[in-house]
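Chains as they are written, first to last, in the working numbering: chain B, 49 to 416; chain D, 51 to 221.
There could be a bad hint or two in this list.
[Stated by the list, open to error] Cross-link-like lysine to any residue pairs, in silico, SDA-like; alpha carbons within 20 Å at most: (1) B:Lys94 <-> D:Val74; (2) B:Lys390 <-> D:Met175; (3) B:Lys345 <-> D:Val74.
[What the hints assert, rightly or not] Which chain D residues stay away from chain B? Per the calculated CB distances, all over 12 Å, these: (4) Ala64; (5) Ala93; (6) Arg140; (7) Gly167; (8) Glu171.
Everything labelled a hint here was simulated from the structure, so no lab data went into it. Quick reminder that beta carbons are idealized off the backbone N, C-alpha and C, glycines included.
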Amino acid sequence: MKQVKLFLGPQHPGMHGNASIHMYVEGDIIKKSYLLPGMLHRGFEKTMENRTWMNNIGIIPRICVPEPDPNEMVFANNAETLANIEVPERAHWIRMLILELARLAAHLMAFGGCGGPTGLYTAMYWAQADRDGILTLFEEITGQRIYHMYIVIGGVRKDLPKGIEKKILDYVDDLERRLPDYEDLVLNNPTIIARTKDQIMLPAEVVWELGVTGIGMRSATGKAYDIRKVAPYARYDKVEFDVPTATYSDALTRIRFKWLEMHQIIRIIRQVLELMPGGKVREKALDGSALRWQVPKGQVYTAVEASRGEYGYYTVSDGGIMPYRVAVRGASFPQGLLGVEKYLPGHRIDDAALWFDTMGICSPEIDR
Amino acid sequence: MNKHIESVTEAVKAKFDVLNTEIVRDTQAAVDLKPGDVHAALAFLKAQGFRQLSMLTCVDWLEDKEFQLVYLLFDWDKGVRLQMRARLDRDNPKFTTVTNIYPGAQYYERDVHEFFGVEFEGNPMSYKQLFLENWDDIPPMRKDFNSRAYSDKKFPVREYKKDFTKAGDGK
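Bound-form chain B, shown alone (with noise of 0.2 Å):
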């Protein structure tokens, strides 16, 4: 049969941000393809050499757009260990608070992105709607809504605005009642099922051949490899909550997972909130002004727990008032760019744009 390509993206509506998918397909099926990135390249990691410590707080959010807040966590906790700060025991709360409302925000986004190359887009809309109410709690927590640059060195930039505590709970409280109507829609749904159940497999030896993290390494391996569990950051180790596994991950695996951490973001939510300890929120960092805060010298890796698995920085100071060099590990390069050229071919057309929704890809963190 005649080969033909065929791009899938970057402009398209099945693709997830400005990436294109190279294809050769034979009738239905894709025989050969590539990620073409760069689409997205900013060259976030030179601006940030020429940027100061505090300068950079404005820039690293943009990196990831459904989900910037583990990017200040990162920059923030790697600046924090090589100066040797300790931050308030209040800040590492509110981080965590933050960190978790915008976790749910990308789940539900990503959860109801599955919506959009099935062609059920009420999940869309839901989802969206509901991530909209989390956008207004950021506002009124931290000004912004998409980028907060909130997470600074040494805490977070304020303290939570008196009241909040009430309306993060009336939010959650409504979102949970209505995660049952979520699972009726999406994973009960006889379309979704057909098109998801025991299709765009990922075996537990492909999780490690590629280095794939978070939701798709859970669901692959049957461990809780969750860095939360793992390595806990922030104060993840006084919280109690569960981390889904299975042995088998298919699609509708993988979607299930979504809404299943739902409702352990909640439960995480509720318990920070309740634990939540006054105090200062902000330690002064570094001597003098912060836009000449020298941070010493030295090589740090930070890696959070992101939506997506594992995001992290590696930050490497001289001692000057700039980061020597930042390196940024995005959670969706592996899968991304190796996964896209090792195992997507196989799969039907139709089935490109779900692949890319399951494994959890954003293209702005694959570029930076």
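Given the structure of chain B, go ahead and fit chain D onto it with the hints provided.
This is chain D only, laid out in the frame that chain B set:
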């Protein structure tokens, strides 16, 4: 300090010619090796439980005239992390691929090749461009690359003349 990371560091020290070790934080250590030992050490560490290469990246030490390759390894069962670092000559940056040990390194090596110009022999795709289209200068993440000068050269300031609509205004 974490017992496990201590014993792993000691084991690497006993087996290889280690230049320097460093405790970065409670669950993270750094080991500096000679470039010749990197492959054997990576294979050894993978067998010790560091089953994941989180990232391969590079640092340009312009004053020392060296590139530093950094392999970040993670042990998911113990929750410990190891930075394995090796320095290459900056004038002749060549190294051998590690894709036979960590297949996931393939695209990280392409990334380092594109942004620093380090060649990885044995990586079938490393010469291809990935992120930058038709790049025509030195690799951009090198410290002697000036992004401002490149931008000024590549995109000169346009001059707009006031009367540029004259021919088309119908008079």
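To see whether the hints hold, each was checked on the structure:
A distance of roughly 24 Å separates the Cα atoms of B:Lys94 and D:Val74; the hinted pair therefore is violated under the 20 Å criterion. Using a Cα cut-off of 20 Å, the hinted pair B:Lys390 and D:Met175 holds, with the two alpha carbons roughly 13 Å apart. Straight-line distance between C-alpha atoms of B:Lys345 and D:Val74 comes to about 11 Å, which keeps the hinted pair within the 20 Å bound. With a least beta-carbon separation of about 24 Å from chain B, D:Ala64 lies farther than 12 Å from that chain, consistent with its non-interface assignment.
Every CB of chain B is more than 12 Å from the CB of D:Ala93 (nearest about 15 Å), matching its label as outside the interface. Every beta carbon of chain B lies more than 12 Å from that of D:Arg140, the smallest distance being close to 15 Å; the non-interface claim holds. Against the 12 Å criterion, D:Gly167 stays outside the reach of chain B, whose nearest CB is about 14 Å from its own CB. Listed as outside the interface, D:Glu171 is consistent with that label: its C-beta sits roughly 19 Å from the nearest C-beta of chain B, beyond the 12 Å cut-off.
The structure fails to meet hint 1 from the earlier list, while all remaining hints are met.
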